[in-house]
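There are 4 protein chains.
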Amino acid sequence: MEYQQILDTIKAESLIRSNTGKVASYIPQLAKIDPEKFGMHLYCINSGHYGFGDENERFSIQSISKVFSLTLAMSLLDNELFERVDVEPSGDPFNSLIQLEYENGIPRNPFINAGALVIADVLVSSLKNPKQELLDFTHKITGDTTIDINPNVFDSEKKHSYRNASLLNLMKSFGNIKNDIETVLDLYVYQCSIEMSCKELATAFMIYANSGKQLTDDTQIISARKIKRINAIMQTCGFYDEAGEFSFRVGLPGKSGVGGGIAAIHPGQYAVTAWSPKLNPKGNSELGMYALERLTTLTGFSIF
Amino acid sequence: MEYQQILDTIKAESLIRSNTGKVASYIPQLAKIDPEKFGMHLYCINSGHYGFGDENERFSIQSISKVFSLTLAMSLLDNELFERVDVEPSGDPFNSLIQLEYENGIPRNPFINAGALVIADVLVSSLKNPKQELLDFTHKITGDTTIDINPNVFDSEKKHSYRNASLLNLMKSFGNIKNDIETVLDLYVYQCSIEMSCKELATAFMIYANSGKQLTDDTQIISARKIKRINAIMQTCGFYDEAGEFSFRVGLPGKSGVGGGIAAIHPGQYAVTAWSPKLNPKGNSELGMYALERLTTLTGFSIF
Amino acid sequence: MEYQQILDTIKAESLIRSNTGKVASYIPQLAKIDPEKFGMHLYCINSGHYGFGDENERFSIQSISKVFSLTLAMSLLDNELFERVDVEPSGDPFNSLIQLEYENGIPRNPFINAGALVIADVLVSSLKNPKQELLDFTHKITGDTTIDINPNVFDSEKKHSYRNASLLNLMKSFGNIKNDIETVLDLYVYQCSIEMSCKELATAFMIYANSGKQLTDDTQIISARKIKRINAIMQTCGFYDEAGEFSFRVGLPGKSGVGGGIAAIHPGQYAVTAWSPKLNPKGNSELGMYALERLTTLTGFSIF
Amino acid sequence: MEYQQILDTIKAESLIRSNTGKVASYIPQLAKIDPEKFGMHLYCINSGHYGFGDENERFSIQSISKVFSLTLAMSLLDNELFERVDVEPSGDPFNSLIQLEYENGIPRNPFINAGALVIADVLVSSLKNPKQELLDFTHKITGDTTIDINPNVFDSEKKHSYRNASLLNLMKSFGNIKNDIETVLDLYVYQCSIEMSCKELATAFMIYANSGKQLTDDTQIISARKIKRINAIMQTCGFYDEAGEFSFRVGLPGKSGVGGGIAAIHPGQYAVTAWSPKLNPKGNSELGMYALERLTTLTGFSIF
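Residue numbers (the numbering used here), protein chains in the order written: chain A, 1 to 304; chain B, 1 to 304; chain C, 1 to 304; chain D, 1 to 304.
Mixed in with the good hints, there may be bad ones.
In the EDC-like style, the derived pairs of lysine to aspartate or glutamate whose C-alpha atoms are separated by at most 20 Å in a straight line are [what the hints assert, rightly or not]:
| no. | chain 1 | residue 1 | chain 2 | residue 2 |
| --- | --- | --- | --- | --- |
| 1 | D | Lys226 | D | Glu80 |
| 2 | B | Lys282 | A | Glu83 |
| 3 | C | Lys158 | B | Glu182 |
| 4 | C | Lys131 | C | Asp144 |
| 5 | D | Lys158 | A | Asp180 |
| 6 | A | Lys37 | A | Asp54 |
| 7 | C | Lys158 | B | Asp180 |
| 8 | B | Lys159 | B | Asp180 |
| 9 | A | Lys158 | D | Asp180 |
| 10 | A | Lys226 | B | Glu242 |
Calculated from the structure, these hints are not laboratory results.
Only chain A is shown next, with the shape it has when bound in the complex (with noise of 0.2 Å):
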């Protein structure tokens, strides 16, 4: 197949394409950033890799980096995890208290925000240092040791972060978090602040497409088992209050993040990932959504 002429007519269509999405605002560090911008990297198992645009730019991973915390988290537990967290699709925006009142402080998924915070929180009692461990594993999985956070989103989210810290006292009243809420949100919004480019976030999730195995080096990050399990939380809670429109219109696991990210995979196939900072109502980037849809289109297959 002809992935970069399919590339370069998504990037065609999309030029003429007009774009009703807003840029997140509500840290003033994220709101700062050209609202233009526009990459796409396609890294295929047998062909290697295509993209265009702003491909190589690093932007806020955001809430991408809850699949890196729950890779980990999964490396490190096993079925213990999921007494903590569910695994169903939540229904309500990801920043929601009332499923977690009603359900006794088990959040409904590991990718809302309430169950990223508990994965943060086992992390913090697993790991000695979890801020460097996990920019570790960016590092391990991208082969690329500059991968950082970015200070100014870290401080800004740190300054904006009480509706996390709501639903960390709310978990810790129901007992479900257990080390210091101040820790745990450091941790949060440490990961949430990675930077990292579309290629990089590309090669980092060609373990997912690649049965947990790194591409380079067959390197077996974590069991195959546990990356299809990770690909059907992604497939079903991957995309807020939207994960049924995506795999309904893209028909791929993925996760996308407020800083205009989404990554996906095609299990045995490709990891894929866009970028333009322009969110949909539903807190997603549009033209990302849209770029992913017509990949699957103009390709012909999806997972289903």
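Use these hints to put chains B, C and D onto chain A, whose structure you have.
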């Protein structure tokens, strides 16, 4: 792969497994079923039929019929269908009125009762004889014209349909039901009372595994693009409040019914069904879930 | 106290007040009313009748009828009535299905629609001719046998009662409606379409101000103990989602209707009614609320 | 009326009554209380003091303190206070986050925890030394300067305040908390740990029965108009999710606390308090509710 051997293993494991599920009892006709019934059938694109147990005994397909009615409605209408029903997982029990009220009478997806009632309303609007045409559809995709409803189940459900009448009236108050409530309810109860065996259901579900085509003669029943979308909805919404769990443990698109049946598919590979009447607390067949989980574990591959 | 002077002041103030309320429009018959209608009537135990404006023109009493049907039901039954309907304020709009679903079909109180429908069901079970006997009750407590329903309002509401049919079906699924849904709905719509004037309503409400006795001839219509309980329910639940606001600003037990009427009482002192069809966003008469607030402010005394 | 005789009857009846309530146990300090404690005190405008049992033993007033903090806040601010907290009953448990989330961080009323935390925030903004000034307020309205907090209860509650910290963070995310979360929480826990006896509480509540004036020397503590409004809030919101039940059975404005205390008033007549630590499932003193119901039944008059 030695499919029959794998199925025999699943059967043997299942026989020694404790099963705390309960047979659905909201209508007497369902409560009367022998709780020890157990059958499974696998229909592979490349290698044909495998099965065991009560695979040839017909049972009440109940909510599995929602896949057929959705398929019929999607073959008649295009995207306008999804202005009246969404494709997001629900996060609430299958017959909940709550999200419906918050979301102005637009059901979350076509597989919760409210959504299936909207689909039934669409069929009433679009077809001359909707009951017969829906039954004909099952005849066409199975090649078996003896498939029929169970009139006792039909009568029994008609007498216990206050909750569905409540949903219909609520949606009608929002303008999302166009026809007479009694007529729509009648069609919905009719489709739920269809009886099929595991083997017949697996044969019917082959069109979802085979890009919309019948395996026997390559007839395109519905377009490949629409089949992908139906599969995506099965993946995210097919198991009531346990869709994530099924995706996590089994990793296939599928649909369950309170009669104890489950049908699932691996696109490009096979359709598979299991039947055991004892339901877990979420309303899905306990042993059926287990059997399908074992299938993807023992074969070592799911869509993820 | 110079009651007529106080009423004249309220009238004068009201005429120069801007009123952003909207006439109820969910049925055509209510939408047709002249929005500038305004009347008020005060009936004091010690000093008789005062009033102004359209105090003698009949209007659709709508939900105010729920006080009469509750009174009739409480005169027939004792505490067992409150096993089927609670006495707590609702915190949700008057026709919400949500709390009903969470609370197993037991309505929050007799003044939300669900609760009034349970009361109607009780009357259908207990009375030979519930429609006539309810109308007779209004004749008895007013001394006016010409009070009747408006048949156009009745027909119009019957055609727009999907939401109430939804509530009835939902409660029937929980076993909390004993009679045929159609019959119960018919009685409920009937009671809502009764027409009375401000003066007639104030006369009727005198039994709530006068410990259950008619002022004219001391007939005990219902026990003083039960009247206290009805008054308590009016205080906490009489104004939909604005009961607290009415209590806070006016400080009297009362009941409003979407026809723009409000009836309230000061136990041991007076009954008072106001009518102005323009409703505030919570569904209560905007000018009626104001008029009653001014009454307790200018007289300087409320029940608190 | 022979008030002491009525109180003696209530005492005698209470002693032979079974009590299935449970002492609050969420903090060890409250769990340690002798569950058999029982006292009642009635303070009449015209005839002075009556009482029995443990009426002079101090207990943790807990949420009853919310009446004092609201009174202090209303004496400092006027209607602008009610832009930050509503006056509607809640329909949800006292510490629920749900309505708060749906209603953009504006608590339903000042007596649910969220509302009392907003009031505490107001006091932190308005007073130089809010803890001392709140304690001084209890000294002024009782004439007893020995009233103080229980430091063990204070410390114990501080360690178990995750739920309140969650509420504060959630409201801060909506901009409805202006001060440092720790400071506001500190004041709130402080006020809850104040200890008073039945007699002291009844004396304090006399200002609510006496139009805002102290009975001893006619000092106007707060305007009659504001007192009426506080009484209205007590009537509709004073008993968590059981305000309607209390209004229905007792018919007086009042406020309860998880320490087992209840304070209520009959405007123009009396203030009355009861204390028994065993709580019913809604969190109100079971015997206290009974005692007050008997009081209004035996005296034959409530505000209704």
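A quick look at each hint next to the structure:
A threshold of 20 Å between alpha carbons decides the hint, and for D/Lys226 with D/Glu80 the separation of about 13 Å falls inside it, so the pair holds. Taking the CA atoms of B/Lys282 and A/Glu83, the gap is about 17 Å. The hint holds against a cut of 20 Å. About 17 Å separates the Cα atoms of C/Lys158 and B/Glu182, which keeps this hinted pair within 20 Å; it holds. Restraint check for C/Lys131 and C/Asp144: satisfied, since their Cα atoms lie roughly 17 Å apart, inside the 20 Å limit.
Among the hinted pairs, D/Lys158 with A/Asp180 is consistent with the structure: their alpha-carbon atoms are about 15 Å apart, no more than 20 Å. Between A/Lys37 and A/Asp54 the CA atoms are separated by roughly 6 Å; this keeps the pair inside 20 Å, and the hint holds. Under the criterion of a C-alpha separation no larger than 20 Å, the hint pairing C/Lys158 with B/Asp180 is consistent with the structure, at around 15 Å. Proximity of B/Lys159 to B/Asp180 is assessed by CA-CA distance (about 18 Å); at most 20 Å being required, the pair is judged to hold.
The hinted pair formed by A/Lys158 and D/Asp180 meets the criterion: a straight-line CA distance of about 15 Å does not exceed 20 Å. Between the alpha carbons of A/Lys226 and B/Glu242 the distance comes to roughly 19 Å, so the proposed pair stays at or under 20 Å and holds.
Checked against the numbered hints above, the structure violates none of them.
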